[in-house]
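**Q** One-letter residues, chain by chain:
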Amino acid sequence: MAIWNREKDGPTEDQVLNVLKRVQDPDLHKDIVTLGFIRNLKVTDGNVAFDMNLTTPACPVKDQMRDEAVALVKGLSGVQNVDVKMTAEVRQTPQMDRTALKNVKNIVAVGSGKGGVGKSTVAVNIAASLVLDGAVVGLLDGDIYGPTMPIMLGITEAPKSINNRMIPQESAGLRFMSMGLLVKADQPLIWRGPMAHRALQQCLFDVEWGNLDYLIVDLPPGTGDIHLTLAQQVPLTGAVIVSTPQDVGLQISMKTLRMFQQTRVPILGIVENMSYYICPHCNSRDHIFGEGGAKRTAAALDIPFLGEVPLDVAIRQQSDAGAPIVVARPESESAKNLREISRRVAAQVSIRSYATLPELDVE
Amino acid sequence: MATDATTPTKIKKLTPGEIQILWADGHETRHLAPLLRGLCPCASCQDEMTGQRVILPIHIPDSLEFRKIELVGQYALHFDFSDNHGTGIYSFEYLRELCRCPQCAR
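In order, the protein sequences belong to chains P and G.
Letter by letter, the first sequence follows residues 1 to 363 in our numbering.
Letter by letter, the second sequence follows residues 1 to 106 in our numbering.
Rather than coming from a laboratory, the hints here were simulated on the basis of the structure.
Keep in mind that a hint or two might mislead.
[As the list claims (entries may be wrong)] Here are the in silico distance ranges between beta carbons for each label pair:
| # | chain 1 | residue 1 | chain 2 | residue 2 | range |
| --- | --- | --- | --- | --- | --- |
| 1 | G | Lys68 | P | Pro188 | 57 to 63 Å |
| 2 | P | Gly75 | G | His27 | 48 to 54 Å |
| 3 | G | His27 | P | Tyr277 | 51 to 57 Å |
| 4 | P | Lys255 | G | Asp83 | 43 to 49 Å |
| 5 | G | His27 | P | His287 | 34 to 40 Å |
| 6 | P | Gly116 | G | Ser63 | 54 to 60 Å |
| 7 | P | Gln92 | G | His78 | 19 to 25 Å |
| 8 | P | Asp51 | G | Asp83 | 55 to 61 Å |
| 9 | P | Asn103 | G | His78 | 22 to 28 Å |
| 10 | P | Ile288 | G | Glu28 | 27 to 33 Å |
| 11 | P | Val362 | G | Arg53 | 22 to 28 Å |
| 12 | G | Asp25 | P | Gly224 | 31 to 37 Å |
| 13 | P | Ser161 | G | Arg106 | 54 to 60 Å |
[What the hints assert, rightly or not] Taking lysine-lysine and the DSS-like style, the derived pairs with C-alpha atoms no more than 25 Å apart in a straight line are:
| # | chain 1 | residue 1 | chain 2 | residue 2 |
| --- | --- | --- | --- | --- |
| 14 | G | Lys10 | P | Lys102 |
| 15 | P | Lys62 | G | Lys68 |
| 16 | P | Lys295 | G | Lys10 |
[Claimed, not checked] If you want the ones that stay clear, here's a sample from chain P, every Cβ over 12 Å from chain G, calculated:
| # | residue |
| --- | --- |
| 17 | Gly75 |
| 18 | Val234 |
| 19 | Asp361 |
Glycine included, every Cβ here is placed at the ideal spot set by N, Cα and C.
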């Protein structure tokens, strides 16, 4: 056979799949063919085209896996062109039958042991980052007594309701719900536990969340009613712990961590907030609360360290102005760190979504 | 902490009054509704402070049945019993601890 003819034939589909099996997903520890990421493979003469369908649009190693795959396929004899389309389909964590939330694929709680560590700021920015990466995201302000989401997202109007179900407000491309939307800003909620429990239930189950890839729940500080309600009512994909580098903050975060462990909520990792201060005048860095505290704790407890967020005036300004920094100042160091953190969260969620609940055969 | 011994893989209702739990370590536990009801861990069946039992299995008729069995989050089971009691949350650890098979009873 003439040489030109052989080149025109190109590789077979099996040859392409075989070589793609060498690409590993570093988080899921399996190759991309076994994981079923390769879709619509077409080999026409020397032109190879396929979709790479990942488990999250916010995959932190998306580019790396694509480049690796392209290089390997190009290495096959007779390949002229490789055309890869990156797609994503977020996997659903095994859910109990809760009709209202059945189209919510993953529920992620963001918690901390004490107040004022920037939980809500981190939660809002993780949610907004996932939106920027192309995911459909909801955000529930679980802080019934001290809701801050309406300020951070710049919307305070009460949600509309249709057929007795509330329609979440939308800002920064995400759907959100907060007690702050239902109660006047200066009006305190003086409720006992059971009322808070009911309020959270309503925010979860009586809100028209629709189809969501991720529902991020911003928890109030500590280990109380709201946490228990959430851990008991929904199968959480996992929890993110926010802490400052300071020892006391960390020790208290440990309580939250133990609570999640006792109720078997997987810990997706620790985010260290206020890691260092960037001086707005000279750009120098100061580790006001000590350095590397959360990272050391994460390593000691064998849980993922998700990243550091600086103590940055711009984050506070943007939060007060009602636009998350990842949206308003995407070029800033803080925004870049938060984007990376959200991708690491998404990667951890993908890993956890392969977990299973016990099978229930009780009818 | 969750281990294979305290992680159920399947919960099956064998009869109206008996469930079977298969655990990730391969063990099998069978629980009768009257016994679980009699050892209910809720605050009205067991003193919150002292842990002393208010309700004991001897107080429960043998004919008691399960009305409803549900998961609680990812860590426990909840039962509604035929005497209308249903406030106990049975953690997987507790359910394994209560296993009365010859091997565990030893």
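**Q** Confirm or reject each hint.
**A** Going through the hints against the structure:
1. Lys68/G / Pro188/P: 57 to 63 Å: 38 Å, violated
2. Gly75/P / His27/G: 48 to 54 Å: With a Cβ separation near 50 Å, Gly75/P and His27/G satisfy 48 to 54 Å, so the hint holds.
3. His27/G / Tyr277/P: 51 to 57 Å: Cβ of His27/G to Cβ of Tyr277/P: about 54 Å, so the range 51 to 57 Å holds.
4. Lys255/P / Asp83/G: 43 to 49 Å: 37 Å, violated
5. His27/G / His287/P: 34 to 40 Å: 50 Å, violated
6. Gly116/P / Ser63/G: 54 to 60 Å: Taking Cβ atoms as reference, Gly116/P and Ser63/G lie about 56 Å apart, which means the hint holds.
7. Gln92/P / His78/G: 19 to 25 Å: 23 Å, holds
8. Asp51/P / Asp83/G: 55 to 61 Å: With a Cβ separation near 57 Å, Asp51/P and Asp83/G satisfy 55 to 61 Å, so the hint holds.
9. Asn103/P / His78/G: 22 to 28 Å: With a Cβ separation near 24 Å, Asn103/P and His78/G satisfy 22 to 28 Å, so the hint holds.
10. Ile288/P / Glu28/G: 27 to 33 Å: At roughly 56 Å between Cβ atoms, Glu28/G and Ile288/P fall outside 27 to 33 Å, so the hint is violated.
11. Val362/P / Arg53/G: 22 to 28 Å: 26 Å, holds
12. Asp25/G / Gly224/P: 31 to 37 Å: 34 Å, holds
13. Ser161/P / Arg106/G: 54 to 60 Å: Since Ser161/P and Arg106/G have Cβ atoms about 59 Å apart, the given range 54 to 60 Å holds.
14. Lys10/G / Lys102/P: This hinted pair holds, its Cα atoms lying about 22 Å apart.
15. Lys62/P / Lys68/G: 45 Å, violated
16. Lys295/P / Lys10/G: Measuring from Cα to Cα gives roughly 37 Å; hence the hint is violated.
17. Gly75: Non-interface label on Gly75/P holds, nearest chain G Cβ at 42 Å vs cutoff 12 Å.
18. Val234: For Val234/P, whose nearest Cβ neighbour in chain G is about 7 Å away, the distance does not exceed 12 Å, so it is violated.
19. Asp361: The assertion about Asp361/P is violated, with a minimum of 4 Å to chain G.
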